[in-house]
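There are 2 protein chains.
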Amino acid sequence: MPSKRIVVIGGSAAGPKAAARAKRMNQDAEVVLIQRAPELSMASCAYPYYIKGEVKERNLLLSTPTGVVRDPGYFGGSKGVTAYVKTEVEAVDRKAKKIKARNLDDNAPLEFDYDKLILCTGARPRMPPIPGSDLKGITPLHALKDADYLAALRENPDVQRVAIIGGGLIGIETCEALKHIGKHVTVVEMLPQILVFLDWEFAKLLENHVRSSGVDVILENGVSSFLGKDGAVSGVKLNNGTEIPCDLAVVSIGVAPNVDLAKDAGLAIGASGGIEVNAHMRTSDPDIYAAGDCTEKVNRITGKKCLAPYGDIANLEGRVAGENAAIGDTAEFPGVVHSGICKVFDFAAGSTGLSERLARQEGYDVLTAVNASPDKPGFMGAKMVFSKIVVDKDTRRVLGFQCVGPGNVNRELSEAAAAVNMGAKLDDFVNMDLPYAPPFSLALDHIIATAHIAQNKLRGLMDGVSASYTLEASRKDAPPYLLDVRSPQEYEEMRLGIGETLIPLGKLRDRLGELPQDKDAEIICWCKISMRGYEAARVLEAHGWTNVKVMEGGVMAWPYPREK
Amino acid sequence: MPSKRIVVIGGSAAGPKAAARAKRMNQDAEVVLIQRAPELSMASCAYPYYIKGEVKERNLLLSTPTGVVRDPGYFGGSKGVTAYVKTEVEAVDRKAKKIKARNLDDNAPLEFDYDKLILCTGARPRMPPIPGSDLKGITPLHALKDADYLAALRENPDVQRVAIIGGGLIGIETCEALKHIGKHVTVVEMLPQILVFLDWEFAKLLENHVRSSGVDVILENGVSSFLGKDGAVSGVKLNNGTEIPCDLAVVSIGVAPNVDLAKDAGLAIGASGGIEVNAHMRTSDPDIYAAGDCTEKVNRITGKKCLAPYGDIANLEGRVAGENAAIGDTAEFPGVVHSGICKVFDFAAGSTGLSERLARQEGYDVLTAVNASPDKPGFMGAKMVFSKIVVDKDTRRVLGFQCVGPGNVNRELSEAAAAVNMGAKLDDFVNMDLPYAPPFSLALDHIIATAHIAQNKLRGLMDGVSASYTLEASRKDAPPYLLDVRSPQEYEEMRLGIGETLIPLGKLRDRLGELPQDKDAEIICWCKISMRGYEAARVLEAHGWTNVKVMEGGVMAWPYPREK
Chain Y
0 MPSKRIVVIG GSAAGPKAAA RAKRMNQDAE VVLIQRAPEL SMASCAYPYY
50 IKGEVKERNL LLSTPTGVVR DPGYFGGSKG VTAYVKTEVE AVDRKAKKIK
100 ARNLDDNAPL EFDYDKLILC TGARPRMPPI PGSDLKGITP LHALKDADYL
150 AALRENPDVQ RVAIIGGGLI GIETCEALKH IGKHVTVVEM LPQILVFLDW
200 EFAKLLENHV RSSGVDVILE NGVSSFLGKD GAVSGVKLNN GTEIPCDLAV
250 VSIGVAPNVD LAKDAGLAIG ASGGIEVNAH MRTSDPDIYA AGDCTEKVNR
300 ITGKKCLAPY GDIANLEGRV AGENAAIGDT AEFPGVVHSG ICKVFDFAAG
350 STGLSERLAR QEGYDVLTAV NASPDKPGFM GAKMVFSKIV VDKDTRRVLG
400 FQCVGPGNVN RELSEAAAAV NMGAKLDDFV NMDLPYAPPF SLALDHIIAT
450 AHIAQNKLRG LMDGVSASYT LEASRKDAPP YLLDVRSPQE YEEMRLGIGE
500 TLIPLGKLRD RLGELPQDKD AEIICWCKIS MRGYEAARVL EAHGWTNVKV
550 MEGGVMAWPY PREK
Chain W
0 MPSKRIVVIG GSAAGPKAAA RAKRMNQDAE VVLIQRAPEL SMASCAYPYY
50 IKGEVKERNL LLSTPTGVVR DPGYFGGSKG VTAYVKTEVE AVDRKAKKIK
100 ARNLDDNAPL EFDYDKLILC TGARPRMPPI PGSDLKGITP LHALKDADYL
150 AALRENPDVQ RVAIIGGGLI GIETCEALKH IGKHVTVVEM LPQILVFLDW
200 EFAKLLENHV RSSGVDVILE NGVSSFLGKD GAVSGVKLNN GTEIPCDLAV
250 VSIGVAPNVD LAKDAGLAIG ASGGIEVNAH MRTSDPDIYA AGDCTEKVNR
300 ITGKKCLAPY GDIANLEGRV AGENAAIGDT AEFPGVVHSG ICKVFDFAAG
350 STGLSERLAR QEGYDVLTAV NASPDKPGFM GAKMVFSKIV VDKDTRRVLG
400 FQCVGPGNVN RELSEAAAAV NMGAKLDDFV NMDLPYAPPF SLALDHIIAT
450 AHIAQNKLRG LMDGVSASYT LEASRKDAPP YLLDVRSPQE YEEMRLGIGE
500 TLIPLGKLRD RLGELPQDKD AEIICWCKIS MRGYEAARVL EAHGWTNVKV
550 MEGGVMAWPY PREK
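Heads up: the sequence lines are chains Y and W, in that order.
Residue 417 in numbering that gives the first Met the number 0 sits at position 418 of the first sequence; the count goes up by one each step and never skips.
Residue 371 in numbering that gives the first Met the number 0 sits at position 372 of the second sequence; the count goes up by one each step and never skips.
In case anyone wonders, no lab produced these hints; they're calculated from the structure.
Careful: at least some of the hints might be erroneous.
[Said to hold, decoys possible] Sample of chain Y residues with no beta-carbon within 12 Å of chain W, all distances over it, derived: (1) THR63; (2) SER132; (3) PRO191; (4) PRO244; (5) ASN277; (6) LYS296; (7) GLN360; (8) LYS563.
[As the list claims (entries may be wrong)] What follows is a set of in silico ranges between Cβ atoms, one per label pair, in the way DEER data are often shown: (9) W:GLY496 x Y:GLY66: 38 to 48 Å; (10) W:ASP133 x Y:GLY66: 52 to 62 Å; (11) Y:GLY543 x W:GLU361: 47 to 57 Å; (12) W:PRO405 x Y:THR329: 52 to 62 Å; (13) Y:GLY302 x W:GLY459: 29 to 39 Å.
Model, not experiment: these values are computed from the prediction.
Note that the Cβ used here is the ideal one computed from N, Cα and C, for glycine as well.
With the hints as extra help, turn the sequences into a complete structure.
Here it is as structure tokens:
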């Protein structure tokens, strides 16, 4: 193997992976890793759990599974990689194949030659360009120092009220952490929903859960300015004029790829704002690779370029870039399907592929199905899982799958994600042979049941409608006939109260006379999770009713206030 | 839809599903469900949890999620299906399209005409043809009455010692249940391992866990006879002459398809012993379908016919058979990949696809890789997961994946199973975009890391060997150089003690002089989980050693006794 010098800029996720892989692939190479922060290889996705106190020691965020801190000594000894921390790279001279850097402690200039360069410069948090942004007490949660700052709130009774600007993944995880340590938290989101990777009704279920966990949520309202007192933040002023007092504000409105170095060096930048790379993670310069949050990725479903600033993807890309820099372009990264999951108090929420909203934006002719069901048999201590499948009617490909709830979202979403990675069609989901035993799942796995509903809809066996369709219909002057087919006891315990009639499924065949005798009248059926609702619709259709719909997900997936 | 009469024989899993689906697809059809047992639609996979007392009430095994017992009244009212219980079908007259049955309470004969018939006659437990089999206190765990009998042991202090004949899935689940209620349990298995869906070393990890949970395990020893006293079992005599005293014996040596009716009616029976069906679940008679444990299935990996008596498969097949009987052959069942999972005390164990042993039997040129790693970051309360991937070297297809351990086997195995269902190749596993957040997984998901090891092996970057290879090699007259590269502290706490030398990875580059100077000498490296072991091997190879191996899974996956 020819000896060469490989320089990696960035030491958080993609960088250390790239450096270690490069050295393993070519032990004759000299591999240098340059990091601006004082730490290397930080478990940044775990910062909310560090703030919360669940990660007991700060060093755990920086350590190998056996407890060794991943510092330059570790990288040198165990990985054969020379690591520099507190070192900022200022310029890449592509002609001379040289890097100019600076030690942040003493400002001493440094120079590195490279044969191959790997840019892993990550992303930086977006900050809103509004008045008051420079007040004290306004922070993103991005660097470890931000996490340190927020973790210190555990011991700081002066900060009681926290405003979180942005209800995305990091905003919501941070909200849980700060609520857990006793702060009063208000989440402010400009969009009509939190967690935009979910469709509205699922996000609403999460929002309800966040609210019932004691957090205030304000939607469809941006922040117009930060208010201050003695140089520190004292509140946020919303677009509608409302002022929310706070002692601290966390800004979590997303990240942007950090491409300054790449841009200055004249590398091609994609329309998404990330560094352009090919499948080998090579940039427009054949001697420079890039990996992680700073790069543009391919969405494997749409084929379009996109950003995807996730730690797992950074690791996979770093591995590919490291290998190719070390031994030539042997490895390829196929792109992403946007799989993600997060914990939200006692719920989990996640998604893979496209949401219905995105799929429609992309122009797909979309069919969806919602399934609400326990994650295992009731007698095994089941909890509910809600899922939604998004199918392209033309190709029958599963474009996306989202899953939320207190139950085992982790299993159901992960297996759906594996299938979506493989380009699965609806028909592949329908008869999957998945591992079953009562402690782990239902006999008909949740994702299979979701696919069965979609299949029934696609074949015209079921006309499924959403909760929001049903609510809107119920408010019309001439509302449809609304039919709840649960038992009287269930109805007594919990009901929507939007004008529905109760006829238990078991009695339906005998009580058809009570239904609208106009066989073309619109009827919407449901039950607890709409299995019985579907059964009822089949019965009514067999008796001549022509416009029978099923409200998918039933009472359990109803995101609005209920009468009871 | 033409009116017709559909008769379903068998009311456990496939039968009720087939009947309900048939009625939903064709409300004009008359659907009759005939069941020999007094109960319908029993959650039979949960019997061990009923015996254990985890399922609090017997009726829960027979109820819908909302607590309605699935009796004939329920099937009539909610499903529109006429169900008969305690009714045994004695003959099928295919010419006359008639069924002869008998009520088991009063012996009254019954007759049913059918247009389409669906056989869901299930399986029956195998019993060993040995002396003493008719003694009292010998039972399978198959019917609900068997579960009732074993559940009653909770209140029966006279039964203290239980022998379980057969260490398969049901034997081991029953062993956990009976141990849990305070019995002394001995598992007797004829083969050299329990849980034959696993390869030997993984089964050994489970066996160690079963033993450490207080259960005796006897391997490679069949039962030659049951011993009795006053007509009741008092012990089992093993093939090697040993006598094991017991107050009760559970026989769990597998099941055989129950095909008597089909055979008598002249339907084709496959070489596997199951009823022959095509992809539409239709038998050799165009008016007769079959589904569930009584049928022969297609193994989607080998393409060969097989049996697969699992509750989830029965449900899927029942759905297909019900639809086709109702509206003609529209639905297809693609076959199985043998996904299964079970709880074993504090471990879970499961498999999808082929084990290494089966893959080699089938003639594949096999490459495997073992991965031992935590299921999430250590600071989030991680537990270990052990997995093994089986890859066909010719096509790179993933033939199988097995997974065991105290960690989240459920997620890892389920996503691997989804991929194996989709015919995934090793390369598909390598760059999967799976949902990651610290509460749910590692940044590099466990199945991806397993695939990376396999990829490294396939490319010759790593020569991985098993624990059993290493143990054998260590016992040779001229053993290889055995190299543990963990830290001194780890070595002090736990070590194999098979003649290994400790050189921590971080010191290895400086201490190469201590290694055999014959560069062709065999060296076997390992660490806790063999990530560092692999790193060490790469270092040694770069320094000229030509025969360096890595013991996969490291100290954690070592199934033999350790020095420490």
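Evaluation of the provided hints:
1. THR63: violated, 9 Å
2. SER132: Holds, because the least Cβ-Cβ distance between Y:SER132 and chain W comes to about 29 Å, which exceeds 12 Å.
3. PRO191: holds, 24 Å
4. PRO244: holds, 31 Å
5. ASN277: holds, 15 Å
6. LYS296: violated, 9 Å
7. GLN360: Given that every Cβ of chain W is farther than 12 Å from that of Y:GLN360, nearest at about 20 Å, it holds.
8. LYS563: holds, 16 Å
9. W:GLY496 x Y:GLY66: 38 to 48 Å: violated, 23 Å
10. W:ASP133 x Y:GLY66: 52 to 62 Å: holds, 60 Å
11. Y:GLY543 x W:GLU361: 47 to 57 Å: Check passed, 55 Å falls within 47 to 57 Å.
12. W:PRO405 x Y:THR329: 52 to 62 Å: Violated - the Cβ-Cβ distance for W:PRO405 and Y:THR329, about 37 Å, lies outside 52 to 62 Å.
13. Y:GLY302 x W:GLY459: 29 to 39 Å: Between Y:GLY302 and W:GLY459, where Cβ atoms are some 34 Å apart, the hint holds.
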